[in-house]
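*Asks:* Here is how the chains run, residue by residue.
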Amino acid sequence: MKSLHPFLKSLYRPSAVRYLLTAVLAFGALLLSGFLIFVAAENVASAETREQEDLEKALEDEIESGLGNLDIREFQEFVNSLDAKRRILLRDGVSSVIKRTLVGELGGVDEFAGEIKNLFFAVFLSALPAALTVIIICIAESMLTGLTSGFKQQSTSEIIHFVCYAASTLIILSEIVTAISVTAETVGNLKKFSEYLFPPLLTLMSALGGRTMTAAYQPLLAAASAGVIGLISNFVLPVFIATIVFSAIGNLSGNVKLENLTKLTRNVAEWTLMAVFGVFIAFITVQGIVGAAADRITVSAAKFALSSYVPILGGYLSDGFDLVYASCVLIKNALGYTGVLALGSVVIYPIILLAVQMLALRLGAAVTEPLGGERISKFLTSVAKNLRLLITAVAGTGFMFFIVIMLLLCSA
Amino acid sequence: MSAEIGAWVLSVAGVITLTVLLDILLPEGQMNKYVKGICSVVTIFVIISPLPAFIGKDYRAGLSGFGGDGAAEIETDGRFLEEFYQSERKRTEKVLADYLAANGFKVGAEIVAPEGIYTNIEKVYIFSVDGGMSNDNVHIHMNEIRELTARRLSIEEKLVVERTG
Numbered sequence: 001m002k003s004l005h006p007f008l009k010s011l012y013r014p015s016a017v018r019y020l021l022t023a024v025l026a027f028g029a030l031l032l033s034g035f036l037i038f039v040a041a042e043n044v045a046s047a048e049t050r051e052q053e054d055l056e057k058a059l060e061d062e063i064e065s066g067l068g069n070l071d072i073r074e075f076q077e078f079v080n081s082l083d084a085k086r087r088i089l090l091r092d093g094v095s096s097v098i099k100r101t102l103v104g105e106l107g108g109v110d111e112f113a114g115e116i117k118n119l120f121f122a123v124f125l126s127a128l129p130a131a132l133t134v135i136i137i138c139i140a141e142s143m144l145t146g147l148t149s150g151f152k153q154q155s156t157s158e159i160i161h162f163v164c165y166a167a168s169t170l171i172i173l174s175e176i177v178t179a180i181s182v183t184a185e186t187v188g189n190l191k192k193f194s195e196y197l198f199p200p201l202l203t204l205m206s207a208l209g210g211r212t213m214t215a216a217y218q219p220l221l222a223a224a225s226a227g228v229i230g231l232i233s234n235f236v237l238p239v240f241i242a243t244i245v246f247s248a249i250g251n252l253s254g255n256v257k258l259e260n261l262t263k264l265t266r267n268v269a270e271w272t273l274m275a276v277f278g279v280f281i282a283f284i285t286v287q288g289i290v291g292a293a294a295d296r297i298t299v300s301a302a303k304f305a306l307s308s309y310v311p312i313l314g315g316y317l318s319d320g321f322d323l324v325y326a327s328c329v330l331i332k333n334a335l336g337y338t339g340v341l342a343l344g345s346v347v348i349y350p351i352i353l354l355a356v357q358m359l360a361l362r363l364g365a366a367v368t369e370p371l372g373g374e375r376i377s378k379f380l381t382s383v384a385k386n387l388r389l390l391i392t393a394v395a396g397t398g399f400m401f402f403i404v405i406m407l408l409l410c411s412a
Numbered sequence: 001m002s003a004e005i006g007a008w009v010l011s012v013a014g015v016i017t018l019t020v021l022l023d024i025l026l027p028e029g030q031m032n033k034y035v036k037g038i039c040s041v042v043t044i045f046v047i048i049s050p051l052p053a054f055i056g057k058d059y060r061a062g063l064s065g066f067g068g069d070g071a072a073e074i075e076t077d078g079r080f081l082e083e084f085y086q087s088e089r090k091r092t093e094k095v096l097a098d099y100l101a102a103n104g105f106k107v108g109a110e111i112v113a114p115e116g117i118y119t120n121i122e123k124v125y126i127f128s129v130d131g132g133m134s135n136d137n138v139h140i141h142m143n144e145i146r147e148l149t150a151r152r153l154s155i156e157e158k159l160v161v162e163r164t165g
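Same order as they appear, the protein sequences are chains A and B.
Residue 401 in this note's numbering sits at position 401 of the first sequence; the count goes up by one each step and never skips.
Residue 10 in this note's numbering sits at position 10 of the second sequence; the count goes up by one each step and never skips.
What the hints contain is simulated information worked out from the structure, not anything from laboratory work.
One thing to keep in mind: the hints can contain errors.
[Claimed, not checked] Partial chain A-side listing against chain B, Cβ under 10 Å, derived:
1. Leu32
2. Phe35
3. Asp71
4. Ser194
5. Leu220
6. Leu221
7. Val239
8. Val245
9. Phe246
10. Ile249
11. Glu259
12. Leu261
13. Val324
14. Tyr325
Each residue gets a CB set at the ideal place from its N, CA and C atoms; glycine is no exception.
Please build the complete structure, drawing on both the sequences and the hints.
*Replies:* Written out as structure tokens, the structure is:
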């Protein structure tokens, strides 16, 4: 100490050195511990990532196995049997849609909207010639009536009207026959749809612990496929034909009017449909909610004490317990989504066809009215209103099945 | 029902058409008025003719009264359920065995759950395995094994039993 320069001597403070040394050591320890923590965290993160990857791979294997065991052949064959117009949302087939859904590719709205737009214009162009023909007949009738207006006998005009009216009725009836056959075919397809889609969906729901819901839904869905569809085939369609016949003969002569009888017949069928749909949907919704709640309590009580969680698919799975369950849930949701697409495919074409026919008839009625074809115009308007019955039947049944699928999907 | 509706519609259509034809063919005069009146009355009777059939009808048939070709059974796929429950059970048995081994008890486990492990576990059998605990050790530590198993599977301890033999 004595040999040091005076300046250095002035700097030397025994306590300062100690403090400096302590600060340096502390800083060094801090750096080292930070480094060690970082390395350890890296190892833990990579271990977790490996575990997650293993779990995802195991999940994929379970899904493959589950799909292989589930019998959806009849549903696949049913979808493949539909013609191109009725398969616009499922062109690639059931299996590929299910597999795409399982990986999260649900398809864009643009794709669906494009298909529907093309279908709409195709149907509209096919319905236009009939409306145009009726308009031309009306023009001819008004010209002929003008030519015969000087005749003494009023019955000559009546005969001209009958001939033109008969020709218009024949053209319109040919379109109506198409509408009836499309509706009858759709109703048959909806029956097959319920027979082929609901068994595998109920199987999956039962596997996931939804026994109460399955037991409640089995008789209800059997009633829907037989009762409601029988109602449409054996009551609504004949009543629709009756309304068309009444519309035709009610406008045949100016003295005999059946407008209110047509309206009454149509309303009876509409109210019957709405009552049946309303009661059925309310009943099935309540049963579904109550059944799902009961099943959820049962399954929750059986959930296991978990020793470790692994983040996967936005949720958490235990180390193996829930893999089989999760795979079944994914398959159920994918099948349900595919079912919704199939349902949409089955009902979209007839609804568009009926709506376009309604539009064409109203267009014809609007154009023929100022031309003097009053009775033809009334006939066209009456038929357009009657078509609402078929649209209600098809759309109502489709909506009813849609609600059932949604309840099945939301149950577990 | 469709046959009845069809018959009614045809009868109404027939009467109306006849009325219209008579209206055209008959000459103008007093007779025309009376014929039209009679035809109107006949039309009314034809239109209301189905109504008496609704009186005294049994409406308890419900939707089945509308006909249809019978309800097809909506049945679940028993084979899939069987394989699913088996797969669940095997996986759970393996996880349980690994859990017990991690806690120092290397034993085998067999779960009895005919309706799936998420619905009802009826029994869990614990037994010794090759390379693991002997029968005697299993018997000695059965209470601890029972407690661990019951906690892991969220079941009652009395459902966990030792399999002997």
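*Asks:* Taking the hints in turn, state whether each one holds.
*Replies:* We went through each hint and held it up to the structure:
With 10 Å as the threshold, the beta carbon of leucine 32(A) stays out of range of chain B, its nearest partner Cβ sitting at about 33 Å, so the hint is violated. With a cut of 10 Å, the hint placing phenylalanine 35(A) at the interface with chain B is violated, because the nearest CB-to-CB distance is about 32 Å. The beta carbon of aspartate 71(A) is positioned within 10 Å of a beta carbon in chain B (closest approach about 5 Å), and the interface hint is therefore held. Hint status for serine 194(A): holds, given a least beta-carbon distance of 8 Å to chain B, under 10 Å.
With 10 Å as the threshold, the beta carbon of leucine 220(A) comes within range of chain B, its nearest partner Cβ sitting at about 9 Å, so the hint holds. At about 5 Å, the closest approach between the beta carbon of leucine 221(A) and any beta carbon in chain B falls short of 10 Å, and the interface hint on this residue holds. Because the smallest distance between the Cβ of valine 239(A) and any Cβ of chain B comes to about 6 Å, under 10 Å, the interface hint for this residue holds. Contact between valine 245(A) and chain B, as hinted, is supported at the beta carbon level, the nearest pair being about 5 Å apart and thus within 10 Å.
Given hint, phenylalanine 246(A) at the interface with chain B, holds; its Cβ is 7 Å from that chain's nearest Cβ, closer than 10 Å. A cut of 10 Å between beta carbons decides the hint on isoleucine 249(A): the least distance to chain B is about 4 Å, and the hint holds. With a least beta-carbon distance of about 13 Å to chain B, the hint placing glutamate 259(A) at the interface is violated under the 10 Å criterion. Of the supplied interface hints, the one on leucine 261(A) holds, with its beta-carbon coming within about 6 Å of a beta-carbon of chain B, less than 10 Å.
With a least beta-carbon distance of about 5 Å to chain B, the hint placing valine 324(A) at the interface is held under the 10 Å criterion. The interface hint given for tyrosine 325(A) is met, as the beta carbon of that residue sits about 7 Å from the closest beta carbon of chain B, less than 10 Å.
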